[in-house]
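Colleague: The primary structure of each chain is shown beneath.
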Amino acid sequence: MCFKAKRLFRLALAPVLMLMSAAALAAGGEVSQVNMSPGVTELGKEIYDLHMLILGICVVIGAGVFGVMLYSIVYHRKSRGVTPSQFHESTKVEILWTVVPFFILIGMAFPATTTLLEIYDTDDADMDVLVTGYQWKWKYEYLNEDGENVSFFSNLRTPQSEIYNAESKGEHYLLEVDEPLVLPVDAKVRFLVTANDVIHSWWVPQLAVKKDAIPGFINETWARTSVPGVYRGQCAELCGKDHGFMPIVVNVVSKEEYAEWLAGKQAEASKIKELMAQTFSMDELMTRGKEVYQRNCLACHGANGEGGVGTPIAASPVATGDLGSHLDIGINGVPGTAMQAFGAQINDVEMAAVITYQRNAFGNNMGDMVQPIDVYNHKEG
Amino acid sequence: MFRVSSNPSVDTSIKLVGVAIGMFAFVFVVMVPLYDVLCDALGINGKTSGEAYTSVQAGVDESREITIQFVATNNDGMPWEFRPDTNIMKVHPGGVNDTVFFAHNPLPDAMVAQAIPSVAPSRAAQYFHKTECFCFNQQPLEGKGSADMPLQFIVDRDLPSDIKTITLSYTIFDVTDMAASGALAAR
Amino acid sequence: MGDHHHGPAKGLTRWMFTTNHKDIGTMYLWFSFAMFILGGAFAMIIRAELFQPGMQLIEPAFFNQMTTMHGLVMVFGAIMPAFVGLANWMIPMMIGAPDMALPRMNNWSFWILPPAFLLLASTLFMEGGAPAFGWTFYAPLSTTYAPPSVTYFIFSIHVLGLSSIMGSINIIATVMNMRAPGMTYMKMPLFVWTWLITAFLLVAVMPVLAGAVTMMLMDIHFGTSFFSAAGGGDPVLFQHIFWFFGHPEVYIIILPAFGVVSQIIPAFSRKPLFGYASMVYATAAIAFLSFVVWAHHMYTVGMPIAGELFFMYATMLIAVPTGVKVFNWITTMWRGALSFETPMLFCIGFLVLFTIGGFTGLMLSIAPADFQYHDSYFVVAHFHYVMVAGAVFSMTAAVYFWLPKWCGKMYNETMGKTHFWISFIGFNLAFFPQHFVGLAGMPRRIPDYALQFADFNMMSSIGAFIYGASQIMFLYNVIATIVAGKPTSDEKVWDGAEGLEWTVATPAPYHTFEVPPAVK
Chain A
1 MCFKAKRLFR LALAPVLMLM SAAALAAGGE VSQVNMSPGV TELGKEIYDL
51 HMLILGICVV IGAGVFGVML YSIVYHRKSR GVTPSQFHES TKVEILWTVV
101 PFFILIGMAF PATTTLLEIY DTDDADMDVL VTGYQWKWKY EYLNEDGENV
151 SFFSNLRTPQ SEIYNAESKG EHYLLEVDEP LVLPVDAKVR FLVTANDVIH
201 SWWVPQLAVK KDAIPGFINE TWARTSVPGV YRGQCAELCG KDHGFMPIVV
251 NVVSKEEYAE WLAGKQAEAS KIKELMAQTF SMDELMTRGK EVYQRNCLAC
301 HGANGEGGVG TPIAASPVAT GDLGSHLDIG INGVPGTAMQ AFGAQINDVE
351 MAAVITYQRN AFGNNMGDMV QPIDVYNHKE G
Chain B
1001 MFRVSSNPSV DTSIKLVGVA IGMFAFVFVV MVPLYDVLCD ALGINGKTSG
1051 EAYTSVQAGV DESREITIQF VATNNDGMPW EFRPDTNIMK VHPGGVNDTV
1101 FFAHNPLPDA MVAQAIPSVA PSRAAQYFHK TECFCFNQQP LEGKGSADMP
1151 LQFIVDRDLP SDIKTITLSY TIFDVTDMAA SGALAAR
Chain C
2001 MGDHHHGPAK GLTRWMFTTN HKDIGTMYLW FSFAMFILGG AFAMIIRAEL
2051 FQPGMQLIEP AFFNQMTTMH GLVMVFGAIM PAFVGLANWM IPMMIGAPDM
2101 ALPRMNNWSF WILPPAFLLL ASTLFMEGGA PAFGWTFYAP LSTTYAPPSV
2151 TYFIFSIHVL GLSSIMGSIN IIATVMNMRA PGMTYMKMPL FVWTWLITAF
2201 LLVAVMPVLA GAVTMMLMDI HFGTSFFSAA GGGDPVLFQH IFWFFGHPEV
2251 YIIILPAFGV VSQIIPAFSR KPLFGYASMV YATAAIAFLS FVVWAHHMYT
2301 VGMPIAGELF FMYATMLIAV PTGVKVFNWI TTMWRGALSF ETPMLFCIGF
2351 LVLFTIGGFT GLMLSIAPAD FQYHDSYFVV AHFHYVMVAG AVFSMTAAVY
2401 FWLPKWCGKM YNETMGKTHF WISFIGFNLA FFPQHFVGLA GMPRRIPDYA
2451 LQFADFNMMS SIGAFIYGAS QIMFLYNVIA TIVAGKPTSD EKVWDGAEGL
2501 EWTVATPAPY HTFEVPPAVK
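Chains as they are written, first to last, in my numbering: chain A, 1 to 381; chain B, 1001 to 1187; chain C, 2001 to 2520.
The following block holds chain A by itself, in its conformation from the complex (with noise of 0.2 angstroms):
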């Protein structure tokens, strides 16, 4: 009896220990496939613990709890030949039940208190980098002492011939960007999160950071990251069409490598400054311009500008009418509509070319060209 007894719980606590093992391995630094990863910052261990903690008493709890029903399934069966009991109450244990979970619920609220005072302290931060949710990107902007903050998108790099299967899938299918997040290691990093549109939730659980990005309102959050590495990341929560296609790259390098990437950075500014007066040939901007096509207009307009939530650029009366407008609409967006307003989201030469393309391709065969000084001539008026 109490052998069946004792099978039968082991056979209870299978799926139990599984997970508990599976646990062991993701305290190992792999990323786990089925359990929270510690991450690699101290918060991210320390939400870990705290996690786990409260599964194993939960687990304790309910191998107890499981485990006199069981007993009772097993036992307490009329098919045994047994006669019920009758009692009903038991103003002690009642008692009893309703005091312990209450200690233990104090237990617990101990250390996730603590963690909680912690993530919320933001204060002295090493540097500050801007997060603002678009839909469906993610723009960064780091904050800076001197000179011109740098600030780029990072849009999902996961090309739609993966997604519709016309591909086989890369190794990072959809979390994958074309530009990711680049942080120094070991340095206290403050996020401050916003949004363009509606609210997104920018989410890494590496490095165990979530916060909600809310239009019109800026919220904070840190990491301090103590393993170089990539991590990845996605918006979490519903922003609309393209809620699943908007990822999160971090690139953790050493604090030399930041410098140089900053420093890269600033001169790549500079030099699409030099761009900007420059003249391109129909090639270059058309090479360009579908690079830019891609990142920023198919999810909307299709990828043979078919239309989709956006209206079709094949033959429309924009890409194959008046020039100046159809820069408008790319520059200045259509209010009321998903159009957003590009003239801020990229740069002038990438404009230019983006027009370009649209007007010579997809059977659009206006043989104009637009040049980055046009853009900005026509941004000044």
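Don't read these hints as lab results, they were simulated from the structure.
Yeah, the Cβ is synthetic: ideal placement off N, Cα and C, and Gly gets one too.
Straight-line Cα separation of at most 16 angstroms, EDC-like style, residue types lysine to aspartate or glutamate; simulated pairs:
{"hint": "1", "chain 1": "A", "residue 1": "K379", "chain 2": "B", "residue 2": "D1109"}
{"hint": "2", "chain 1": "A", "residue 1": "K78", "chain 2": "C", "residue 2": "E2341"}
{"hint": "3", "chain 1": "A", "residue 1": "K139", "chain 2": "A", "residue 2": "E176"}
{"hint": "4", "chain 1": "B", "residue 1": "K1164", "chain 2": "A", "residue 2": "D121"}
{"hint": "5", "chain 1": "A", "residue 1": "K139", "chain 2": "A", "residue 2": "D178"}
{"hint": "6", "chain 1": "B", "residue 1": "K1144", "chain 2": "A", "residue 2": "D328"}
{"hint": "7", "chain 1": "A", "residue 1": "K45", "chain 2": "A", "residue 2": "D186"}
{"hint": "8", "chain 1": "A", "residue 1": "K273", "chain 2": "A", "residue 2": "E148"}
{"hint": "9", "chain 1": "A", "residue 1": "K379", "chain 2": "B", "residue 2": "E1081"}
{"hint": "10", "chain 1": "A", "residue 1": "K188", "chain 2": "A", "residue 2": "E118"}
{"hint": "11", "chain 1": "A", "residue 1": "K379", "chain 2": "B", "residue 2": "E1142"}
{"hint": "12", "chain 1": "B", "residue 1": "K1090", "chain 2": "A", "residue 2": "D124"}
{"hint": "13", "chain 1": "B", "residue 1": "K1164", "chain 2": "B", "residue 2": "D1061"}
{"hint": "14", "chain 1": "C", "residue 1": "K2417", "chain 2": "C", "residue 2": "E2341"}
{"hint": "15", "chain 1": "A", "residue 1": "K78", "chain 2": "C", "residue 2": "D2495"}
{"hint": "16", "chain 1": "C", "residue 1": "K2409", "chain 2": "C", "residue 2": "D2490"}
{"hint": "17", "chain 1": "B", "residue 1": "K1164", "chain 2": "A", "residue 2": "D124"}
{"hint": "18", "chain 1": "C", "residue 1": "K2187", "chain 2": "A", "residue 2": "E89"}
{"hint": "19", "chain 1": "A", "residue 1": "K45", "chain 2": "A", "residue 2": "E118"}
{"hint": "20", "chain 1": "B", "residue 1": "K1164", "chain 2": "A", "residue 2": "D123"}
{"hint": "21", "chain 1": "A", "residue 1": "K273", "chain 2": "A", "residue 2": "D374"}
{"hint": "22", "chain 1": "B", "residue 1": "K1164", "chain 2": "A", "residue 2": "D126"}
{"hint": "23", "chain 1": "A", "residue 1": "K255", "chain 2": "A", "residue 2": "D126"}
A few chain B residues that face chain A, going by a derived Cβ cut-off under 8 angstroms, partial list only:
{"hint": "24", "residue": "N1075"}
{"hint": "25", "residue": "P1106"}
{"hint": "26", "residue": "S1169"}
{"hint": "27", "residue": "T1171"}
Dock chains B and C against chain A, hints included.
Modeller: Frame of chain A, contents of chains B and C only:
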């Protein structure tokens, strides 16, 4: 007990209808204003007061230096160029500070904008006093026009000592339509 | 009142104009089952798309419509009306009343439901598609960025809210005024108690939901700015109002389930319910706490730390009364004489799976850990453990338990047990792996996912298909019972069942307790 109807079931029902109507009203007349009050008091969402601060501070606290970061965000469909003149300022609590935000309307038509302030950390919001701000009113700009929009503020001397950096964010919204229809309450 | 001694009218008019609580209960039950199938079909589409990585069957925009409609239809169309139907059938019989207190209002509260859902379902065919902003419809995605169909969505929420409020008022009026002599409050069956408390919750919070959608309507059409920062409003305010309704709402769904389980477990344990009084107090405590925990759905929204801590502590407290209930049920089974007919199997399934859902709920209440769980599949797994294994399992148990009393025919026990086991396996296969993918970082409401989540998602889809298919078996079993079940005329269909409903003839006559029974 107070009875509305001699039929007990009808009596109960009428009272409950009263409760339901009361709860519906509760949302509008209690929850919404209460939320605004709590926001002001606790700085929920980093909201700052929508009115000019008029009290006089008792001198400048030279012993502390607070870093103020300015951040500008354009909301969806807002084509203006909008940015702080200086990104970062170092100020002393109690002192009066001035800065400007630059705005440029690239469109040929006149537009009206509303800037919404938000402070991080949010618990600093109640210590961040604006004596003058472009966010108190809607800001019109002629087509192709530009403006330097002024902001004057004081950081309260009572700012908790662990707060050393305050970020003031403005999100600028296009309210041309709202302004035209006059539906917007001045806030 | 002349029609009291007649049987039901014939034909369609019987159902159109009926004021009989049994007829109305039956209509509610069939309607909710139809909605359950509809919402289930949406779920099957979702799981089919998520069967493999990549977009195969539907477009992301339509996927969002499916998740939204699935949530709305299941919560407002399937689970809530199912329990209202059960309340209509059982409460008068349990308290010895001839009918509901306000029979004519009862008729209206049912008949405004089908048009409301017809309207909601019709948005699928409108330009711009159905609502695609999730069943929690956060602003500004549901206001400034909503499809035009949002106006119809708002109207249908108003109507079904009205239906719920009328239904609840009726239940409260019935319980307070129509009890048989001697049926004191503390003698009422627990199902009646849980429903009484639920009804009070409904009267208190459905108007709040109505207020929230009214504000949306005003923001969309009348230029107000409740939820728009541009005009001095705040999108976060929407979340506070929504969850002030939403958290009591989830207890509205689960409390009647507690009531059902508290009727069935004693019956098949052949032993009185343990701790009746503490069950009543625990239910009341849960209902009370439900009003002060709403912001635990919003830990990542950027609340001040004091608020965060308050809501965390208050939420953790809910574990106490919930624990009391689970302990009471298990102690009821302890040293009883258990038998495992289908209703009991579903109740034990409820007990195990709801407790797991309760544990994950406790984990979610811990704010710092919630920063990792929030809006991930861990949450999806959690609320399906409490909604499906909690509410739907107990509702299924209730149908098997009372069906013989309703129609005087016995269902096929073998098929019932098979239904249970297939449901149980399918359910766990569908939702247990979702804990894993959630913890590993998969956000909810995404139409496509990274490759490392593929295996568990396929498992989950297979489980969902199995669970879905098992409901066809349920439908078949119920229809087969009504049409050709083995007749039974035992007043007490189950030997261990207690309560007034088991003292009337089987099948239950059209009119019962026209003369109040004596309650000792």
